[in-house]
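Colleague: Read off the chains here:
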Amino acid sequence: MIRIDSVTKRYPDGTVAVDRLSLEIPDRSITVLVGPSGCGKTTTLRMINRMVEPTEGSILLDGEDIQRRPVTALRRSMGYVIQNAGLFQHRTIVDNIATVPRMLGWGKQRARERAAELMQRVGLDTSLARRYPYQLSGGQQQRVGVARALAADPPVLLMDEPFSAVDPVVRKGLQDELLRIQEELGKTIVFVTHDIDEAIKLGTMVAVLREGGRLAQYAPPAELLSAPADGFVEDFLGADRGIRRLSFFDSAALELTTDSVVPADATADRIAAAPDPYLLVTDADGRPLGWAERDGQAGGDLAAERLLPYGRPFVPGADSLRVALDCAVLSPTGWAVAVDDGGRVTGVVSQQTIGEAIRAAHTERAAHTERSAHTGSRTHPRKDEAGVAE
Amino acid sequence: MNVLNFVNAFFSDSAHWHGYDGIPQRFWEHVQYSLLALAVAAAIGLPVGLLTGHTGRGGNALALIANAARALPSFGLLVLAVLLIGFGLLPVMIPLVVLAVPPILVTTYEAVRSVDPSPVDAARGMGMRESRILFQVELPVALPLVLSGLRSAAIQIVSTATIAAYVSLGGLGRYIVDGLYQRDYEKVVGGATLVAVLALLTLAVFWAAGRLAVSPGVRRR
Chain A
1248 MIRIDSVTKR YPDGTVAVDR LSLEIPDRSI TVLVGPSGCG KTTTLRMINR MVEPTEGSIL
1308 LDGEDIQRRP VTALRRSMGY VIQNAGLFQH RTIVDNIATV PRMLGWGKQR ARERAAELMQ
1368 RVGLDTSLAR RYPYQLSGGQ QQRVGVARAL AADPPVLLMD EPFSAVDPVV RKGLQDELLR
1428 IQEELGKTIV FVTHDIDEAI KLGTMVAVLR EGGRLAQYAP PAELLSAPAD GFVEDFLGAD
1488 RGIRRLSFFD SAALELTTDS VVPADATADR IAAAPDPYLL VTDADGRPLG WAERDGQAGG
1548 DLAAERLLPY GRPFVPGADS LRVALDCAVL SPTGWAVAVD DGGRVTGVVS QQTIGEAIRA
1608 AHTERAAHTE RSAHTGSRTH PRKDEAGVAE
Chain B
49 MNVLNFVNAF FSDSAHWHGY DGIPQRFWEH VQYSLLALAV AAAIGLPVGL LTGHTGRGGN
109 ALALIANAAR ALPSFGLLVL AVLLIGFGLL PVMIPLVVLA VPPILVTTYE AVRSVDPSPV
169 DAARGMGMRE SRILFQVELP VALPLVLSGL RSAAIQIVST ATIAAYVSLG GLGRYIVDGL
229 YQRDYEKVVG GATLVAVLAL LTLAVFWAAG RLAVSPGVRR R
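Residue numbers (our numbering), protein chains in the order written: chain A, 1248 to 1637; chain B, 49 to 269.
Bound conformation, chain B alone:
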């Protein structure tokens, strides 16, 4: 029960709860990095996914790019970004965004493309404009899948944002990187536990968002 002991020791040490290296501070930093990366990835992935899904064009090219992006190692990309740009937030955001865009893009494309064509045909036939068809007919029905794409992207960002600590930024990765360096395994396990907690919280947020945003007619409940 070594691990549980580590966890217990880490969280009961009051020194870990205060200051610039305290849990609340690191947790908040981690949340900020994650939200920023998710927002940027969504700003790229959602419009492209919605548009290609609606028109049905460019699907093959999309899958190719997305698969290529998935094959890129995040850590390698981070090192490359730092070498090219130097230290800072930007080189951290690059691998996180590259990681998160494919699931958002591909699921959104698939979600919109797989919407039953008959309501779309009906909407077009009654004189609805294309933008309205996308946002008022296709998206509400595609929403559960779109959200699941965002959710898997968010989970991957949360667990990967720990690499920010390698380039002297904060976040929960600090505990893991510093703990490994100092051979303080209590800290390593504590940091990893916090990352897991944040991932679970992310799941909860998306579950709640799904309950609120998806119509009961689509949820069928």
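Chain A extracted, bound-state conformation:
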């Protein structure tokens, strides 16, 4: 565990970058430092590997003051990833990744084998091994940066706005990749970003810092969204935090109905028995075709009718309430279509039902939080990646 103990960084000109900051960074999880520019988040990160020395306070790594460790040994035990990857342009990709193992005295062959292994781990084709950084795209370069930081298998990974310089699509890919790698490797990651959405998506714990390097709130993302500590955090979270919070609720509990789901060859009687004014028509395999109006249908061949598009379906259990709600909002009938992994319809759900589920979830979560606060345990709800990825 990394413990930041009332650390202050004051520069000779009197500027205070970090002001009596205390944080406990749990092992094997992603802790995100987020805040506007000038909030001292990068300075805090750089104090952990002593790129910046604190003016007051101390930082403990597994109970030991980092000041007592030789600076090079300390840094070699922590992977370091920066904004523009910072690759060595005169070295090939494989040699870039092998840098730290080589510094630690590994043989060339072993270091290169390790590098090749890491290229696969971060989703890089090993055919790129002999290329030079300028021959790679920004996203690929950043993957190399992550691989290089992981090369000597350090327990700690420090990441300073690593995905800020790439476009949103590539950034989302890199974020998903980081979560996947983290699931496999379980590093202690400290991640700096100015992007609150990135913080909420990646963080197990999120520390929101304000100008002048003071801690505004330190909480799991769901708690941040439901109970911002003050106006600053609330503003920083943005206007739609209620909607974003739904990413943390599972859609499995939604009550689905199949009363209005009919096959394309449904009879007139079956159509007349449907309770709602719209019917979801499916093909012979149970895949959705589109919506049809119930009234005035003779039955027999609904697929021949002009059907309204069914929009995007969601997968209960895998998708969050946010995705389900989004599907219902996008649907022309106001009903969201639920499908299983194979794309077969399992039912439909109305906006109203989703709204009830949201209210129920809020009540349950509030009761749960109260309970866990009482017993002193802190829960970190598993996040639904697909939901936060918007």
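Possibly wrong hints are sitting among the right ones.
[As the list claims (entries may be wrong)] Some, not all, of what chain B presents toward chain A, calculated at C-beta under 8 Å:
(1) Ser166
(2) Ala170
(3) Val185
Quick caveat, the hints were computed from the structure, so don't treat them as lab data. In this text, a Cβ means the ideal position worked out from N, Cα and C, and glycines have one as well.
Fit chain B to the known structure of chain A by using the hints.
Modeller: This is chain B only, laid out in the frame that chain A set:
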């Protein structure tokens, strides 16, 4: 076409190709003076340039000294050196080194200082020692510029080393000085041509060195 005739006459005279005043001997002497001066200038300019470039300190003082050194006239310095020290190789080396240090020093400083700071930050953050950062991260990227500083210094040395002949040393300057004295313009033009050839050879050597020493990742080819 007077000049071409002079050149032709000078190089076709077989007497110019033998003995202590022959072309191979004078050419070799010139190369030796030049290499020595370049080595001394590099031994001064490179370490100082690399160190100040790496730390980013002392840049202003450096530019001041370098500009002052550039303003010194080589010939005047030679005469002064001879008056103070007497004849020999040393008084010739002084103006040549003074001439060559500024381009080496200033370009090396600029080359290292202008290296992208993010790989340096990454290297430091992964626990690389400063000396290693300088030689394994900054220098390989700065190398094309460092070489260009050495190259312009070398070209200036080659063309200025002719002054060695004024203080009774050898080198290609002999032909020019003696030719002027003897009013043998064939010799003057021949000597000047050889200096030009040596300068072009120097360019070729540096081009080859750049191809060999600079990483394809930096050359981007």
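Colleague: Confirm or reject each hint.
Modeller: Comparing the hints with the structure gives:
1. Ser166: With a minimum Cβ separation of about 4 Å from chain A (threshold 8 Å), the hint on Ser166 of chain B holds.
2. Ala170: At about 3 Å, which falls below the 8 Å cut-off, the nearest Cβ of chain A leaves the hint on Ala170 of chain B intact, so it holds.
3. Val185: Since chain A brings a Cβ to about 6 Å from Val185 of chain B, closer than 8 Å, the hint holds.
Hint violations for this structure: none, all hints satisfied.
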